[in-house]
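Asks: Listed below, chain by chain, are the residues.
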Amino acid sequence: MKRVIHVYCPACKTQVPIEIDESILTSAKNSPIGMTGVVDIHRDHALVIYIDAQGHERGSRVYSLIAPLETGKSFTIPFKYMTSFKNIKAFKLILKDKDLVIEGYKERPNIMMKGVLNKVELEIAFSKLPSQIYEWFNMFLRSIDKSRDKIKIETLYKALQLIDSFCETEPSEKMENLLTLVLSSMKITYKVDERARKYYELVRPLLEKNYPWSNIKEIEDLQGKPLYEILRLKDPFALKESIEFLLALEKREVIHFEEIT
Amino acid sequence: MTIIAGSLVREYENLATIAASLLPKLKETLENLDIKFENKDSILKALDYVLPKQPFVPFISSAWESLFQKAIQLIIEDIPSIVEDFSRENMGCVRMLIEFLLESPVYSETMREIGRKIKIPEIGSILELNSGTGRGSLEVAKVTGRKVIGIEADEKNIEIAKDYMELEKVNNVVFIHGDPLRAGRYVSEPIFAILLTSPITWLYDIESLVSKAYSLLEYGGTLYGSYPLREKSDYPNLIEPILKLFGGVTPPDKTKIRWIIEREGFHKVSIQKAGPIYFFKASKI
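Residue numbers (our numbering), protein chains in the order written: chain A, 69 to 329; chain B, 1300 to 1584.
With the rest of the complex left out, here is chain A (with noise of 0.2 Å):
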């Protein structure tokens, strides 16, 4: 059964309404902490409600989107946050060495798909199961292998968009680095290379011929801050095409790509 309540957002100051559903009691009585995050994004920060495994309201806290998770606690994303997907049911991505569980329940699925690499666990219930889809998630899976020192619920939730927009194609070379990159975006930043931005003014026509809906002027002035901030507002064909411009752009040595430290 699901019920509604009213959280304060301190950053925001007003109410948030809060759906509590049985994918997040479950969650929270799952948890070895008893409780689970409900993660609700915000312009520029998450509100994480902790909820316990009878729906009360345990706290919350405001975290910046750059801020590290904190280890040893599970997050739940709202099932309001999981209805715009049409492929993906349900995940569960667990890091073991960082002791964190982050999952979305669009239903209770009966049958997830598991795959386990190194230190991480990560479980997908599709609708569909098309042939490429086993390619999909291993990518998925590698880039999360790759990336799980900066992953963040919101870009988890970004690169989960991806999949469910594209997983129905064939999945390219490169889609891995661009999974991982987006994964990644919140501690990734870029620097325009100046001699290159010159020769960059030859290529210009071709480039945007084949990316029409990026430009340099958004890279140039958004260099030197968090990659997300290019990716935040964007629907996942504008993110697809905005990060593969990113990465035309780095093999071209316009950009060069930086860890936030």
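Calculated from the structure, these hints are not laboratory results. Any given hint could be a false lead.
Under the rule of at most 27 Å between Cα atoms (straight-line distance), these lysine-lysine pairs were calculated in the DSSO-like manner [as the list claims (entries may be wrong)]:
#1 B/Lys1369 / A/Lys285
#2 A/Lys266 / B/Lys1339
#3 B/Lys1461 / A/Lys277
#4 A/Lys302 / B/Lys1461
#5 A/Lys302 / B/Lys1468
#6 A/Lys242 / B/Lys1455
#7 A/Lys308 / B/Lys1339
#8 B/Lys1468 / A/Lys277
#9 B/Lys1369 / A/Lys277
#10 B/Lys1446 / A/Lys242
#11 B/Lys1352 / A/Lys308
#12 A/Lys277 / B/Lys1455
#13 B/Lys1455 / A/Lys218
#14 A/Lys242 / B/Lys1441
#15 A/Lys266 / B/Lys1369
#16 A/Lys196 / B/Lys1468
#17 A/Lys214 / B/Lys1455
#18 A/Lys308 / B/Lys1468
#19 B/Lys1461 / A/Lys259
#20 B/Lys1455 / A/Lys285
#21 A/Lys214 / A/Lys164
#22 A/Lys266 / B/Lys1461
#23 B/Lys1468 / A/Lys242
#24 B/Lys1339 / B/Lys1326
Please arrange chain B on chain A, whose structure you already have, making use of the hints.
Replies: Quick look at chain B alone, frame taken from chain A:
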């Protein structure tokens, strides 16, 4: 025997005029440059031969030609970094200059025209050495419908080429990162045509490339190439000073290249001038 059409020859001649108009600026910049590098003296010497008698403003007839003019200006401004950083295996941001040239309408059309002329046997593939960002291989693959293997020493050029291949949904090209002079390591199938046509080839010793091509080509196969040859052995090619900034070697003249190709074992050698570039074709029979 013509290798490319007269209309394309005229386009190469136009580009030569644009490049020639900027050579006085190149000389002035080099003379005022404090740094010393290996080819500096030979470039200045070559410039003395090829400088136009009078400064002139070239006729620019398209947006691409205007960008070509900017590309030459950019090279002149960037000489200190080019001579210090550029290497064949890691081109850095100069990679975009190569991409710009390979993606030009004139180069794409040249490659389509060569592709249409290749005689296609029942089996075998086409090999391009120095495939750069891939345009030559892609166009020839589209025109012939046969598998094309592009071998390129700069790894990021290969990545860019693969992006174009994916964007254009071309599935009969294989791009391989490796040394073109050791191409035998990467090729295990019969090759019936070899392309040495990209501007990257102009940075290599043509004798080594022709020799490599002969060893890889099947009997009955054809070699297509381009190179900025000298008209006479003591008279530099117009673009020789620019190529030497990137480590290019002194090219042979027309007579010498014919001798090199025939000595290797090729027959039916044709050479055609197109501005400062010479296209050549030869058969292994």
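Asks: Could you run down the list of hints and mark each one as holding or not?
Replies: Evaluation of the provided hints:
1. B/Lys1369 / A/Lys285: 20 Å, holds
2. A/Lys266 / B/Lys1339: 24 Å, holds
3. B/Lys1461 / A/Lys277: Distance ~17 Å between B/Lys1461 and A/Lys277 Cα, so the pair holds.
4. A/Lys302 / B/Lys1461: With a Cα-Cα distance of about 26 Å, the restraint between A/Lys302 and B/Lys1461 holds, given a limit of 27 Å.
5. A/Lys302 / B/Lys1468: Holds, at roughly 26 Å.
6. A/Lys242 / B/Lys1455: 13 Å, holds
7. A/Lys308 / B/Lys1339: Answer violated: A/Lys308 to B/Lys1339 is near 46 Å, above 27 Å.
8. B/Lys1468 / A/Lys277: 16 Å, holds
9. B/Lys1369 / A/Lys277: Holds, at about 20 Å.
10. B/Lys1446 / A/Lys242: Distance ~22 Å between B/Lys1446 and A/Lys242 Cα, so the pair holds.
11. B/Lys1352 / A/Lys308: Given pair B/Lys1352, A/Lys308 is violated - Cα atoms ~53 Å apart, limit 27 Å.
12. A/Lys277 / B/Lys1455: With Cα atoms ~20 Å apart, A/Lys277 and B/Lys1455 stay inside 27 Å; holds.
13. B/Lys1455 / A/Lys218: The hint holds at about 26 Å.
14. A/Lys242 / B/Lys1441: The given pair, whose Cα atoms are some 23 Å apart, holds under the 27 Å limit.
15. A/Lys266 / B/Lys1369: Distance of about 10 Å is within 27 Å: holds.
16. A/Lys196 / B/Lys1468: 26 Å, holds
17. A/Lys214 / B/Lys1455: 21 Å, holds
18. A/Lys308 / B/Lys1468: Distance ~18 Å between A/Lys308 and B/Lys1468 Cα, so the pair holds.
19. B/Lys1461 / A/Lys259: The hint holds at about 24 Å.
20. B/Lys1455 / A/Lys285: 24 Å, holds
21. A/Lys214 / A/Lys164: The given pair, whose Cα atoms are some 14 Å apart, holds under the 27 Å limit.
22. A/Lys266 / B/Lys1461: 24 Å, holds
23. B/Lys1468 / A/Lys242: Distance ~15 Å between B/Lys1468 and A/Lys242 Cα, so the pair holds.
24. B/Lys1339 / B/Lys1326: Between B/Lys1339 and B/Lys1326 the Cα gap is close to 10 Å, so the pair holds against 27 Å.
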